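A.B. asks: Each chain, written out:
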Amino acid sequence: MNARRVRRRVVNGMMTGLVGVLSFLAVLALVLILGNLVVKGGSSLDWNFFVKNPVPAGESGGGVANAIVGTGIIVGLACLIGLPVGIGAGLYLAEFGSGRLGWIVRFVADVLNGTPSIVVGIFAWTWLVKPMGHFSALAGSVALAILMVPMLARTTEEMVRLVPHSLREAALALGYPRWRTSLRIVARTALAGIVTSSLVGVARIAGGLVLLLAVAARSAIRQGPPHGAAR
Amino acid sequence: MTALPIEPVPAPEPRWRALRGVNAGDRIYRGTLTVLAVTLPLLLLALVGELVASAWPAIRRFGPHFLWTSVWDPVAGVFGAAPMIFGTIASSLLALVIAVPLSLGVAIFLTEFAPKRVRQPIAFLVELLAAIPSVVYGLWGVFVLIPFLRAQVVPPLRAVLGWTPFFDGVFYGNSLLAGGVILAIMIVPYIAAVSREVLLAVPGSQREAALGMGATRWEAVWTAVVPYGRAGLIGAIILGLGRALGETMAVTMLIGNRHDIGLSVLQPAYTMAAAIANEFSEATTNLYLSALFEVGLLLFVITVVVNALARLLIWQVARGTAVGSRAL
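As they're listed, the protein sequences go chains U and W.
Note that my numbering has the first sequence beginning at 281, numbered continuously upward.
Note that my numbering has the second sequence beginning at 1465, numbered continuously upward.
In case anyone wonders, no lab produced these hints; they're calculated from the structure.
Small disclaimer: the values here were computed from a predicted structure and weren't measured.
Hints are supplied without guarantee of correctness; some may be wrong.
[Unchecked claim] Chain U side only, calculated, beta carbon under 8 Å to chain W, not exhaustive:
1) S303
2) V388
3) I402
4) I426
5) A483
A virtual CB, placed ideally from N, CA and C, is assigned to each residue, including glycine.
Start from the sequences and build out the full structure, keeping to the hints where you can.
C.D. replies: Structure (structure tokens):
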């Protein structure tokens, strides 16, 4: 009996230690990667890096100003397309999403959320780049918007659901129509959360831009200098 | 006293319309939101349709042989995707083998054992791993991970397991192993975040019941909490698998990109996503391009099935919630 108790306590202690060590390892990976990035890359980060264009290989100096501006344009356009659709779909799910259509939209959003960005990349290529004949910031933005919408829809829904019911009831009791209640009271209360999660999502998706360029290079090489190409 | 003539009371204005909230603004609002919401399913249909249409020449030409032949010869116009399918699945499974214990450990530690004060910060740090762009992982893998594997990991592995076919051949760096390890690091935050939310959704009474019967804390976790959330945890793992299958950039940089099927994890391999990223811009014939689209279609179908399965499992534990969608 006693030996058994000891064994149980030992197992308890060992497993507690084990899951602690595993967590430590996961955090260690982050520290190693970020640390390496800062140590190796930190030295070449200065003002010029942000405001100058790249120079031909071999020359020293230069920066990535064009790449930063290009990224900004593509991401900005993507937000213009993706934010209304994503937030609108999220509001639908939160306000009217209890029926069959709501279930379908929710499920599709979750499935699309896991779609590899390379697949969306080639889809955007057939849809926009091929018909237009060249890669453009617009094609990149549409692809990013496609990646953004499902994530936005789900997080918006989650944020809107967190708004206390009493707020909505108070507004309705004062004679507000439902749409104004939804937009002016509920959505506005959830706004901070929606903005935060949108920013996180946009940051994550902007990192996937590289893939689009791998796909976009195709048209740049084969169709001569692209108009309005972005980096 | 004269009886007052009873005046008929005028029928009240029909208020039910107003009470049901059927006014023009509401209808427009609902209509607009419905249209926006319906774009999602339409988008899915458009994706499938466009991919099938673009892949059609290859589908018609090679039929199901595309799936199990392994010749990939753009010059001769013969395409078989078996090596990529094999490489995609092998690297993802390898990643799962490494990532599952790690991320379940993180999730259990954060929900059950860690002191309250450090829970939020550690969870945040682990989720931060998901915010690092894929290319950065790739670079880190090339400059740090591969040298580390070559110097510290592979020699002892071979000393112990060198006789198995899994550790055969010379290790040059870019290999299934390197790709699998980087994938593992990349999917840990997803699996950990979702399983943490699943474990948080397990009612406290489950723990209390186990502890009340004299279980140690670990026994409470292992016999009460984990079984309760089992479906959700499996869902979290499958979600991680979906991520690993579609991951492109880092794997392309590390896996070696060789059209070959081999059992050894020390040898280069290829994945479907890597093939599209590498070859899409140099596909010169329509058939070649179409074959790549078929690879993309396959990848899409696989990830859709995997994700749908994961969602259904997670919804069993945390019904209808957007568990993990913030981290994803």
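A.B. asks: When the hints from earlier in the document are held up against this structure, which numbers fail?
C.D. replies: none
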